[in-house]
Structure formats: structure tokens, C-alpha cells
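Enquirer: Here is what each chain is made of, one letter per residue.
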Amino acid sequence: MRRFSWFNATSLTIGFLFLYLPMVILIIYSFNESKLVTVWAGFSTKWYGELFQNQAFLDAAWVTVKVAVLSSTIASVLGTMAAYVLVRGGRFRGRTLFSGMIYAPLVMPEVITGLSLLLLFIGIGLDRGVLTIVLAHTTFSMCYVSVVVSSRLVSFDRSLEEAALDLGCSPFEAFRLVTLPIIAPAVISGWLLAFTLSLDDLVIASFTAGPSSTTLPIKIFSAVRLGVSPEINALSTIMISIVTVGVISASLLSKRALVRQKREERAAEQTAD
Amino acid sequence: MRRFTLIAVPYVWLLVLFLVPFIIVFKISLSDTALAIPPYTPTLDFSSGWEGIRNFFAGLDFENFKFLTTDDLYWKAYLSSLQIAAISTVLSLLVGYPIAYGMAQAPDEWRPTLMMLIILPFWTSFLIRVYSWMGILSNEGFLNQFLLWTGIISEPLLILNTNTAVYIGIVYTYLPFMILPIYAALEKLDISLLEAAEDLGCSRLTAFWLITIPLSKQGIIAGCFLVFIPALGEFVIPSLLGGSQTLMIGKVLFEEFFSNRDWPVASAVAVILLLILIIPIVLFQRNEQKQREAEG
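Protein sequences, first through last, are from chains U and H.
Take the first sequence: its letters are residues 4 to 276, numbered as in the working numbering.
Take the second sequence: its letters are residues 22 to 317, numbered as in the working numbering.
Chain U extracted, bound-state conformation:
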């Protein structure tokens, strides 16, 4: 008796307009000829051209990508280890503290995380630069990875691992041959999440970046503090398009994988019959 009423249709329409209209307007105005961002003066791609001339933005983009790739890769390894310890590790001393440290960064205000890491780096005399941003980003994104991976670990059948162990696998082989392929999609989503979190982060990067390692969000933030700028509109449009293409293709790929898996399962059932 599910009824999709007029009320539902209206609230969905208004809701999605609210979510998407600001970005659509931003994209449209990135093609505006005029420097005045609110007056439409005809179609032009000149802001994109100027963006690619701007060495400071290109440098910042390179730093950002470098930091994101490094930190999300380390975070995926550490986060998967942490998830495995939490779900399969059994009891050990300090387990409560460990799970507390995994969940706390998820709810911690970024200003506090950033401040505390900066004070640590200064305390141990580590110069601020790419390394310190990578350390900071790895620390908070490994917690997100571990949450994603542990939800997958909880849901999968442990007897598969036990069967591998019974058949003579070492624990490491069992992990590599059985567990890892099963949790791989979760590790990949965790990596993607960590990557976007790192690309996105302004506050923690502001605390932990040095003068020579400005990231793109820091650059964007200092530019837009003074007001709307057409170059930033162009940059935002590029970033929005990359994300949109990425998310849509990822969801199509996972849908296809799901369909294939269902088909294989059905085929397996039929041969079993």
C-alpha cells in the first residue's frame, strides 16, 4: 500500500532543486564572459584558460593530489589492519582505548584535530610541509576506512576463513586468499572516501601545511574570502565534473558486478541441482 502522493513528489522535487541548483548556477556562471560574477555577459571559456595559466593554482593542485594519494593509500592499509583487529582480533589489553581512538576522530571538530596535530609537530620539531599534511590526513581518514571495512568484515561468513585454516593455510595466506578478496570492495570504497576527504580538507591542512605546501582548498579559501571569483567558479566546475563522472561510473560498475555475481550464483545453484 505504498502510495507515492503529490506531496511526496513535490518534496522530492523541491529537495533535489535545493541540493543541486546552487551547483548548477555555479557551473553556468563559470562560463560567464564578465568579471562581475552576477551579471551575465555572454558565453566564454576564458576563465578556464586563465586558470591553467595560474601557476600557483597548478602547484597547489599538484600538492593536493600528492597528499591525497599518499595519505589515502597509507590510511587504507592502516584502516584495514585496524578493522581486522577490531572485528577478528579478540581480546587484548587496551582494546577499549583502541576502539575509542578509532571512533573519536569521526566526531572530532576539525579545528581541534588540526590544532592538536600542529602542537605535536611543533613539539617534536617536525617542519611543516607535505609530510605533516600526509600524517594528519592519514590519521583521520584511517578511522573512516576502518569503519567501512569493519562493517564488511562483520557481515561476512567467518567459516570461510576457518575452512581455509583447516585446509592448511597459514593465517596470513587465509587473509590474502580468502578475506582480502571478499573485503576488497570495502577497502576500495574506503580508499576513495579517504581520497576525497583529503582532497576536501581545508581546516586540518591549514594547521599542518607549511608555507611551501599550500593545498588547493587553502588556496580556494583565501581567494573566496574576498568574494566570488570567476576563476574559482571554473575550478569548482572542473572538480564537480570529476566527482560526478567518478561517482556515476563507480555506481554503474558496482551495479554490473552485482548483476554478474547474482548470475553466477544462480548458475552455481542450477549446476548444484
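It is worth saying that the hints were derived from the structure and are not from the lab.
As the structure is a prediction and not an experimental result, all values here were calculated from the model.
Warning: the hint list may mix true and false statements.
Derived lysine to aspartate or glutamate pairs resembling DMTMM-like cross-links, with alpha carbons at most 25 Å apart [stated by the list, open to error]: (1) H/K209 / U/D160; (2) U/K258 / H/D129; (3) U/K49 / H/E161; (4) H/K238 / H/D129; (5) U/K265 / H/E130; (6) U/K258 / H/E176; (7) U/K265 / H/E208; (8) H/K48 / U/D160; (9) U/K265 / H/D129; (10) U/K38 / H/D129.
Following the hints, position chain H against chain U.
Expert: Leaving out everything else, chain H in the frame of chain U:
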């Protein structure tokens, strides 16, 4: 041995880069500002042995916390952050619930697409999403131009750089966090309960009020906390959309640190913010636990 390494590596990482930094923040919040590098005293001096450690502890005090209570700016900033976070949470619920409800009522084949449309903004840069409102809300912005054109208003509304813009920004950026848990709760709702209520003479509205809302309570609570907790310490939204009279503690902390270079006071501000946050975080954990137990 392998098990030990497996536990030790992430454990030590988090100890060094999460727990130790907090202890440092706490310690510096008890120190005094000084014209030195680093700009606070006392610093731990191991070279003079026990004497140094004793001097170190003798130099710690609660001066900064006392200072926070004497200066209006800070407690006003805490109160106004709480208020802004609370108002934005209620607004997000009012906007988010109908959307989540509409998604739950929608035909099955639409759902993956609707779900993706809700999650997609979450993957887009937070900073860009906040920034996109600057062009819309400004005096000669899109919204004012539109309203002037329709003739609803005769003079541009002042929205950008006010608290209203901050509410809009928070609702906009955190809306997916409100929608997803409510949708998850509504999706599991047993429709036969509603049918039974209507058979027994309830109107659709009464049935909604007596059955749908109470059964989605867990989702509502989870969504509210997921908006309230990050909104409380928000920095980007008040700095870009708020005005000079918008006081939020995340912004105060940032400025105390970078503009005033007063590290001990910034640390004390952080410690208090953390203490304030512990209450909603513990309540949120309880709610999640209750939900897990209910699901068995």
C-alpha cells in the same frame, strides 16, 4: 608475533598522532602565554632532572580557563554556537524529513537513483558547496535578482554575512546526514501497521503521526546528532557565509591561534569545546547501541 604487529602498528600510530596531541593540547591549555618560541611557558626541561619536572608542574595553572570566563567573547561564542547548531539541526530535520519520506514512498526502481542523488553532493567538495551560496545570497546575487524580478521585494535582502546565511549553509551541507538515517528507518517500516490503523478508522495524517513518526524516531535522533555535532565546531561556513556578528567557537579558536597567536588560550578553548561535545556524543552512542540491540 604477526598478531602483535597487526595490533601494534595502527595502535601506535593512533597513540602518537591522536592521543599524544590531545595531551599536549591539554598541557598547553594550562600554560602561560610567553614571548618565546614556542610562545608559552613552562616547557618541559628534562636536562635539569627532577627539579625541571617539578618546576614544570608548578608552572601549570587554570589561568586560561579563568580568563575564558571573564571575557564575554568566549562564553557568548559557545552559547551562540550551541544556538546556531540547534536551530540548523531543527531546520535540517524540517527540510530532510519530507525528502526522506518521499524517497521511502517512491517506487522501488527509483530508489538506487534517488539514493545516489543524495550521496553525490557528499562526495563533492564541502568548500565548493559552501562557496556556491556566496554568489546566490549576496546583495546583487542570484536570489535577490530573482526576487526583484518577480516583484516580491523592491529592495535587495541582506542575507549574505548574516546568521541566516549560516543556517542555510549548514542545512545545505549537512542535509544528506539527516536524510540517510531517517530514510533507513522509514524504509524498514512495516506498511501493514499503517493499513491496520486506517482500517481501524485513523485518517492518513493521524496514522502518520501515531505510527510513522514514532517508528522513525531512531533515525530522527541519529540524523539530528549527525548534523548537530559537526555543526557545533564548524569553521568554514561561518567564515564564508557569516558576518562579523556571527560568533562561532570554531572560528574564534582558529583566529585565536592564527591571528592572535595565543596558543594557551586557543588550547583552553579547544578543551572546553571538547567537554561540551562529550554530552551529545555519548547520547548519540547510546542511541546507536539501543538501535543495534533492537535489531538484535
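Enquirer: Against the earlier hints, flag every one the structure doesn't satisfy and list their numbers going up.
Expert: 6, 8 and 10
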